[in-house]
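Go by the hints and put chain B onto chain A.
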Amino acid sequence: MNRRPLIISLLAWLSSLVPALASEGGGDASLPLNATPVFESFPYISNSMLMVWLAVALITLFCRAATRKMALVPTGFQNFAEWLVESLYDFLASLLGDYMVKKTFWFFASVFLLILVTNWIGLIPGVGTIGRYNGHGHIVGFLRGGNADLNMTLAMGLTFAVLWFYWALTENGIGGFLHHIFAPKGTFHGLMLAMMIPIFLAVGVLEIISIMIRPVALTFRLFGNVYGGEQTLEKLMALMPAKLAFLPALPFYFMELLVGLVQALVFMLLTAVFLRLICEHAGEKAHH
Amino acid sequence: MFPILASAEAENVVSELLGKFGVNWPFFIAQLLNFVLVIIILKKFAFGPIKVMLEQRRTRIAEGEEKLKRIEKQLADSEKTTAAAIAKANDDAVRLINEAKQGAHAFTEQKAQEAIAQAQNILAKAEAAATADRDRLNLELKREFGRLVAATASQVTGKVLTADDQRRINEDALAKVEG
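So the sequences go chain by chain: A and B. Just so you know, we're using our numbering here: the first sequence kicks off at 1097 and counts up by one. Just so you know, we're using our numbering here: the second sequence kicks off at 12 and counts up by one.
Chain A on its own, in the form it takes in the complex (with noise of 0.2 angstroms):
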């Protein structure tokens, strides 16, 4: 078993207990909670947002060479490209069925490629340090991981309400849509089902506070995330000398590289898993 991997990771670990505990209560760099224009001039244009474009920039890019020339046999990125898509349409379509991946697979794989790409790239180094200083005399970095700022949470986080919505309705109808909500689930007769209309309105209108809460839940969630983890980085890089500041932060480069991906899969599957739960029986009249 190789276990060099091991050993250096140990030794950056260690490496960083030293300055831990040498340093009077760690550095005072601190990641802003919100983004912050990039110029003074430009107060329209944040650090998070010129990140996103590059995030935009890097996928459009990577579109083109992969589709530029696309053939039969695949080779190169065309063919890394087409298994990123299939192996995702596969997934979202073992859990949204045929009927509804056809339909929805743009948005939930949008979602993934732009969350995974945004949280990558903010990992890159110079991300958050390089930049100008403020008034206070802090570093404004010119970048800043994009799912970092909230209103790019946000803006994901609502528009999914908006499409899941629509999907909701358009696949069920306003009546099925309610019912689905409020009507009781089971069979009952009478007596009982006299006791379980007032039970199911209540559930129903937990269900309708559970749906309002959703896009508030996942923007926080990525948001908390990422900004979590690139607060941890600058809080370790603190710890160390400049020419050093690297090495405690190093470790947590892996960590937060997996927690890039996986948080763009949790958004993805619980977009998706939210959208399946209205959308059970959809395309189930389409099939028959």
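Since the hints were made in silico from the structure, they are not lab data. Do not rely on the hints blindly, as some may be mistaken.
Said to hold, decoys possible - Derived BS3-like pairs: lysine-lysine, alpha-carbon spacing no greater than 25 angstroms straight-line:
{"hint": "1", "chain 1": "A", "residue 1": "LYS1199", "chain 2": "B", "residue 2": "LYS62"}
{"hint": "2", "chain 1": "B", "residue 1": "LYS122", "chain 2": "B", "residue 2": "LYS112"}
{"hint": "3", "chain 1": "B", "residue 1": "LYS54", "chain 2": "A", "residue 2": "LYS1199"}
{"hint": "4", "chain 1": "A", "residue 1": "LYS1165", "chain 2": "B", "residue 2": "LYS170"}
{"hint": "5", "chain 1": "B", "residue 1": "LYS91", "chain 2": "B", "residue 2": "LYS80"}
{"hint": "6", "chain 1": "B", "residue 1": "LYS31", "chain 2": "A", "residue 2": "LYS1331"}
{"hint": "7", "chain 1": "B", "residue 1": "LYS55", "chain 2": "A", "residue 2": "LYS1198"}
{"hint": "8", "chain 1": "B", "residue 1": "LYS153", "chain 2": "B", "residue 2": "LYS170"}
{"hint": "9", "chain 1": "B", "residue 1": "LYS78", "chain 2": "B", "residue 2": "LYS91"}
{"hint": "10", "chain 1": "B", "residue 1": "LYS99", "chain 2": "B", "residue 2": "LYS112"}
{"hint": "11", "chain 1": "A", "residue 1": "LYS1165", "chain 2": "B", "residue 2": "LYS55"}
{"hint": "12", "chain 1": "B", "residue 1": "LYS54", "chain 2": "A", "residue 2": "LYS1198"}
{"hint": "13", "chain 1": "B", "residue 1": "LYS187", "chain 2": "B", "residue 2": "LYS153"}
{"hint": "14", "chain 1": "B", "residue 1": "LYS55", "chain 2": "A", "residue 2": "LYS1199"}
{"hint": "15", "chain 1": "B", "residue 1": "LYS78", "chain 2": "B", "residue 2": "LYS62"}
{"hint": "16", "chain 1": "B", "residue 1": "LYS99", "chain 2": "B", "residue 2": "LYS84"}
{"hint": "17", "chain 1": "B", "residue 1": "LYS62", "chain 2": "A", "residue 2": "LYS1198"}
Relative to the frame of chain A, chain B by itself:
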């Protein structure tokens, strides 16, 4: 921003919270547009062409499998036809050989019969010829014997025998010899 939170106090809390996290309309709309842009780009330049290509490949594979099945079926049919043709050829060959054998046997039999008939014919002819020769020799012998008997009788008696005498003496002599 969230009309569902009706009370002014709740609005204040939300506004304060969103303000703390730097949520504001320009940044939010910009990020929303970024997200929509990514969706459009991916849908147009990635998912669309790739899905078309995957579908095209799936169709070709399905067609290939279909063709393979058809070819296998044709091969099986062809093998069946070939086997049937070989069996038929074998049967024909066996039949022809049998017919040839039977023909040869009949021909041999016929020729043998002809040979036997010819041999019998030759034998019969030979026997007839032998009988004729023997009869002729008998006749000549009888004549000679008659002539000798007549000559002897004539010399013994010293008398010239007539034709009737000679015939009668011959007949008596022959009757005695043959008796």
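Check: Which hint numbers doesn't this structure obey?
Finding: 4
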